[in-house]
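The task is to assemble the complex, starting from two chains supplied on their own in separate frames and drawing on the hints.
If you want the building blocks of each chain, they are given just below.
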Amino acid sequence: MADSFALKPRSVAVVGAAETTKMGLIPDMSQLGLHFDCALNAMTDAGLKPSDIDGVATGGEDVAVLAHMLGITPKWVDSTDVGGCSYMIHVRHAAAAIAAGYCSTVLITHGESGRSRVGSPGYAMSAASMAGQFEAPYGVTGAPSMFTIPVLRYLKETGSDIEDLARVASIQREWAAMNPRATRREPITVEEVMNDTMIAWPFTKAMCCLVTDGGGALILTSAERAKDFPTRPVYVLGTGESSEARLISQMEDFTSSRAFRVSGKQAFESSGITRDDVDHLMIYDAFAHLPLYGLGDLGFCKPDEAKHFYRERRTAPGGSLPTNTNGGGLSYMHSGRYGMYALQESVRQMRGIAPAQIEGAKISLCHGVGGMFTASGTVVFTNES
Amino acid sequence: MSEIQRPLPKPTPETQHFWDGCREGELRLQRCTRCANTWFPPRPFCPACACREVEIYTASGKARLHSYVISHRGHPGFGKEPYAIAVVKLEEGPQMMSNVVGCPQTPEALLLDMPLEVTFEQQTKDESIFIPLFKPVEG
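As they're listed, the protein sequences go chains A and B. For the first sequence, my numbering begins at 1 and goes up steadily by one. For the second sequence, my numbering begins at 1 and goes up steadily by one.
So that you can see chain B by itself, here it is in the shape it has in the complex (with noise of 0.2 Å):
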């Protein structure tokens, strides 16, 4: 369980997929099957080609630091301590919002395209809330 008390998402008709992913360890996101053409938040059609014809994916979880704000004056469900929020660009090419966890949040620990991983973290006792979250890759 979070020790963080965050806003937690309420999933949509739209979105059930990606929510049920993270409950179950994937980042799934969707790709076209006319165009190949993939994006993120999750919509029910390609903002390429208006195509229907959505696949759901699991994407490879790693990402990169694209950009970020150290917090000073947060949520209050985030504690006192200043943390970072995060844009990671995700292998596949769409960008995310995120936490870096794993590491000092920190200008000095925080280095711009640092290859990262997903993770997912529960949020709610009943597991029905799982949120994505990036690590550092080790070694």
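Looking at chain A on its own, in the form it has when it is part of the complex (with noise of 0.2 Å):
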């Protein structure tokens, strides 16, 4: 099936990864600050300076901005702005720039003052947008209050209980508490998730995500010059990209995102591995629901059975599919975009030095979410050249 690309499997590979500094409270860093501290982290983890860059891509900060501020002058630039998976959907486009000699070393960058908001855009939507005619009457008031309304229509089809959704969050945290940076490490029972605030019912505080600040920052350049890095290099197997409605409510089927489906067969089709061939999964969770969705979107069972992912805890320590190793955005961060939190841990576990390590794991598929369910984008990395 990856004859159908043009752009083969292993082609591009990362050779630079780094989150920021610190992780979690930073209020001595503005959102252009986190983005230059993670920048600088990859550059030194990949041994380059910004001369060496001739690629940038950022999603929520001004691209042409951070290139100059950071000392790169570049040839190709990506915008792409659909939300918490504009990270993936960046790893997509680079390893295709990189593959049309457009450019040789791309720099991916997220930073957000998501807690302590310094130098952090504000939420203002416009009364005329689709959003502040057809939502923002009924009183949503951003995410928790909208990422969430498919869910009940989720359960009742897919014969699931609102203790699934407690269970992911209580699995996750036993993630967590084996990551040193995570922002919540004390183990959770589903008893107590379920009994926490009461945010959006069916939702508690627990199975919503973290509200932090931070950043990570990832370099991408050909499989060719990646033998040449201080790094082992993490290779770009497969790719994909989709999205659908930016309004909640027009979300055509309240059990299965569209934009899941369509990314996720492009990056199954696109490296030519199976379900089977996955040793390790990220599911961008925003919210306990989403790796329920995400596991029967990209194929690795029927929607109705992914509860039994959690029940049979196959996504757990010690599990057959390990899934969300670092805590994910529930306990180990979520600044408002998570998706490059995903592709570090994804990359962590390719070069065998996440906290919480996968033993001889080859192939980790890292799929993400952005603007509640209105974009996907989904990478599979592999340490095998």
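Heads up, some of the hints might be wrong.
[As the list claims (entries may be wrong)] Straight line, CA to CA, 30 Å or less: simulated DSSO-like cross-link-like pairs of lysine-lysine:
| # | chain 1 | residue 1 | chain 2 | residue 2 |
| --- | --- | --- | --- | --- |
| 1 | B | Lys10 | B | Lys80 |
| 2 | A | Lys362 | A | Lys22 |
| 3 | A | Lys362 | A | Lys265 |
| 4 | A | Lys156 | B | Lys80 |
| 5 | A | Lys302 | B | Lys89 |
| 6 | B | Lys135 | A | Lys156 |
| 7 | A | Lys22 | A | Lys205 |
| 8 | B | Lys125 | B | Lys135 |
| 9 | A | Lys49 | A | Lys227 |
| 10 | A | Lys75 | A | Lys49 |
| 11 | B | Lys80 | A | Lys205 |
| 12 | A | Lys227 | A | Lys8 |
| 13 | A | Lys205 | A | Lys227 |
| 14 | B | Lys62 | A | Lys156 |
| 15 | B | Lys89 | A | Lys156 |
| 16 | A | Lys362 | A | Lys227 |
| 17 | B | Lys135 | B | Lys62 |
| 18 | B | Lys10 | B | Lys89 |
| 19 | A | Lys265 | A | Lys8 |
| 20 | A | Lys302 | A | Lys156 |
| 21 | B | Lys89 | A | Lys265 |
| 22 | A | Lys265 | A | Lys302 |
| 23 | A | Lys205 | A | Lys302 |
| 24 | B | Lys89 | A | Lys205 |
[As the list claims (entries may be wrong)] Here are a few chain A residues that face chain B, going by a calculated C-beta distance under 7 Å:
| # | residue |
| --- | --- |
| 25 | Gln133 |
| 26 | Ile149 |
| 27 | Leu152 |
| 28 | Arg153 |
| 29 | Asn195 |
| 30 | Met198 |
| 31 | Ala200 |
| 32 | Ser256 |
[Unchecked claim] A short, non-exhaustive set of chain A residues, derived as facing chain B with CB atoms under 7 Å:
| # | residue |
| --- | --- |
| 33 | Met130 |
| 34 | Ala136 |
| 35 | Val140 |
Calculated directly from the structure, the hints in this document are not laboratory data. None of these values were measured; they are calculated from a predicted model. Just so it is clear, CB atoms sit at the ideal spot from N, CA and C, and this is done for glycine as well.
Here it is in structure tokens:
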């Protein structure tokens, strides 16, 4: 199947990867400052300086401002900005740009002062926009009251229950407990998740993502050049992207994301792997229902079987499909656009340096969501050349 | 007049007919004169076949409760009590976000697939904006 894509698997590799020096609460850095910090850390990781980089991509920040401030003269820029999965899509676009010869070395950055709100853009919405006309009048107040709306329909149609949501949060906390940089590490039972502060029924606070400060950056180059870097190359095996409705009310099927299905299918086809080949899985979890949707929409199971992956602890430490091994957006960190942190964990796992390392893992699939269920990006990585 | 201070919509040329309809007590949808597709939110062409020959019609106002959350950290204009933010499925097919009025805002009262009907609530003293809401069908 990979034959239908001009870009071949393992053509491009990640040679630099780093998060911000601190994680969680960083009131002494602006959003732009967080971009700088992780970009410099990634350059140190790869042994590069700004003049070595000729392609830049970012979302949530002006890519030209970023490139200029970092002292980079880009031959290629990408400011694709579709929410938290923008960075998965940047990886995809960067791989194509490098293969096309538009540039040789791409820096992708994310930084967000999600909690401290230092130098962050506001959330102003135009009353004349589609959301301003057809959703804002009904009292939605951001992601907790929008991203969550399809869930009651999902639970009914798939025979799942609210405890299944709570179980996702509880099991991810087990992963977070192994991660010294995770924001929330103390164990939490399903019952404790169920009894936490109610945010938007049926979602309690522990089923909702954290709100933190941080950032992360990746540097990609051709597989040929990757061998000359100090880091273990992590190859891009395949990718996918898509988008659906910006308005949550207009999502065509409340039990399944079309953007997930389209992006996931491309990622599997372009990488030429099957579900059984995946050793490590990241599914962007802004809220506890997303891993359940992801497992079904990526084809690991039918939508009504996803709950069993958690009930049977297949995604938990020691399970056959270790998922969200950094603790996820629910327990590791979530600055607002979590996608970059999922990518960082996939790269750590492929380098063999993750705090909760999966021994012998060769293939990691990293699946992102953006703007509620608006957009999706998927990247399959491998450490085998 | 609504007691709730909602963020109010600002109609655009492509949506004006919808908001005019709400003011006149009609839920107006659009359909394609070529393929009979119907859709929401408003746009001046058919998203299935790109035909620009679009017909505006009055929907039945009947709907079913498709999914919802009960927001406990709501918009300040909605007061302090939790309230449901719902997506309803119109009899004609399209989905809309709305609020369910005329019943308790509890999981026990708000049952998926329960039949609903549209009602319009005045938002401004000058009667310029009415918002479509849904209430349980009586009986």
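Here's how the hints hold up against the structure:
Note on Lys10 (chain B) and Lys80 (chain B): the hinted pairing holds, with a Cα-Cα distance of about 26 Å set against a maximum of 30 Å. Of the supplied pair hints, the one linking Lys362 (chain A) and Lys22 (chain A) holds, its CA atoms being roughly 29 Å apart against a limit of 30 Å. With a C-alpha separation of about 20 Å, the suggested pair Lys362 (chain A) and Lys265 (chain A) falls inside the 30 Å cut-off, and the hint holds. Straight-line distance between C-alpha atoms of Lys156 (chain A) and Lys80 (chain B) comes to about 29 Å, which keeps the hinted pair within the 30 Å bound.
A C-alpha spacing of about 24 Å is found between Lys302 (chain A) and Lys89 (chain B), which places the hinted pair at or below 30 Å, so the restraint holds. At most 30 Å may separate the alpha-carbon atoms for a hinted pair to count; Lys135 (chain B) and Lys156 (chain A) meet this at roughly 22 Å. For the hint linking Lys22 (chain A) to Lys205 (chain A), the alpha-carbon distance of about 24 Å falls within 30 Å, and the restraint holds. Of the pairs offered as hints, the one joining Lys125 (chain B) and Lys135 (chain B) holds, with about 23 Å between alpha carbons and a cut-off of 30 Å not exceeded.
For the proposed pair Lys49 (chain A) and Lys227 (chain A), the alpha carbon gap of about 18 Å is at most 30 Å, so the pair holds. A hinted pair counts as satisfied when its Cα atoms are at most 30 Å apart, and Lys75 (chain A) with Lys49 (chain A) qualifies at roughly 16 Å. A threshold of 30 Å between alpha carbons decides the hint, and for Lys80 (chain B) with Lys205 (chain A) the separation of about 18 Å falls inside it, so the pair holds. Our distance criterion of 30 Å between C-alpha atoms is met by Lys227 (chain A) and Lys8 (chain A), whose separation comes to about 17 Å.
For the suggested pair Lys205 (chain A) and Lys227 (chain A), the alpha carbons sit about 45 Å apart, so the restraint of at most 30 Å is broken. Taking the CA atoms of Lys62 (chain B) and Lys156 (chain A), the gap is about 22 Å. The hint holds against a cut of 30 Å. Distance hint between Lys89 (chain B) and Lys156 (chain A) is fulfilled; the C-alpha atoms sit about 16 Å from each other, no more than 30 Å. As the CA atoms of Lys362 (chain A) and Lys227 (chain A) are separated by approximately 18 Å, the hinted pair is consistent with the 30 Å bound.
Straight-line distance between C-alpha atoms of Lys135 (chain B) and Lys62 (chain B) comes to about 10 Å, which keeps the hinted pair within the 30 Å bound. With a CA separation close to 24 Å, the supplied pair Lys10 (chain B) and Lys89 (chain B) stays within the 30 Å bound. Using a Cα cut-off of 30 Å, the hinted pair Lys265 (chain A) and Lys8 (chain A) holds, with the two alpha carbons roughly 16 Å apart. Distance check on the hinted pair: Lys302 (chain A) and Lys156 (chain A) sit about 15 Å apart at the alpha-carbon level, within 30 Å; holds.
A distance of roughly 29 Å separates the Cα atoms of Lys89 (chain B) and Lys265 (chain A); the hinted pair therefore holds under the 30 Å criterion. Our distance criterion of 30 Å between C-alpha atoms is met by Lys265 (chain A) and Lys302 (chain A), whose separation comes to about 14 Å. With a C-alpha separation of about 28 Å, the suggested pairing of Lys205 (chain A) with Lys302 (chain A) holds against the 30 Å cut-off. Restraint check: the Cα-Cα separation between Lys89 (chain B) and Lys205 (chain A) comes to about 28 Å, which is no more than 30 Å; the hinted pair holds.
Given the 7 Å rule on beta carbons, the hint for Gln133 (chain A) holds: about 4 Å separates it from the nearest Cβ of chain B. Here the hint on Ile149 (chain A) is kept, as its CB sits about 5 Å from the closest CB of chain B, short of 7 Å. For Leu152 (chain A), the shortest C-beta to C-beta distance to chain B is roughly 5 Å, which falls under 7 Å, so the interface hint holds. With its C-beta approaching chain B no nearer than about 4 Å, Arg153 (chain A) sits inside the 7 Å limit, and its interface hint holds.
Hint status for Asn195 (chain A): violated, given a least beta-carbon distance of 14 Å to chain B, over 7 Å. Taken as an interface hint, Met198 (chain A) checks out: its beta carbon lies about 5 Å from the nearest beta carbon of chain B, inside 7 Å. Proximity of Ala200 (chain A) to chain B holds as hinted, the smallest CB-CB distance being about 4 Å (cut-off 7 Å). Checking Ser256 (chain A) against chain B by beta carbon gives a least distance of about 13 Å; that is not within 7 Å, so the hint is violated.
Because the beta carbon of Met130 (chain A) sits about 6 Å from the nearest beta carbon in chain B, less than 7 Å, this interface hint is met. Taken as an interface hint, Ala136 (chain A) checks out: its beta carbon lies about 4 Å from the nearest beta carbon of chain B, inside 7 Å. Hint status for Val140 (chain A) relative to chain B: holds, with the closest Cβ pair at about 6 Å, below 7 Å.
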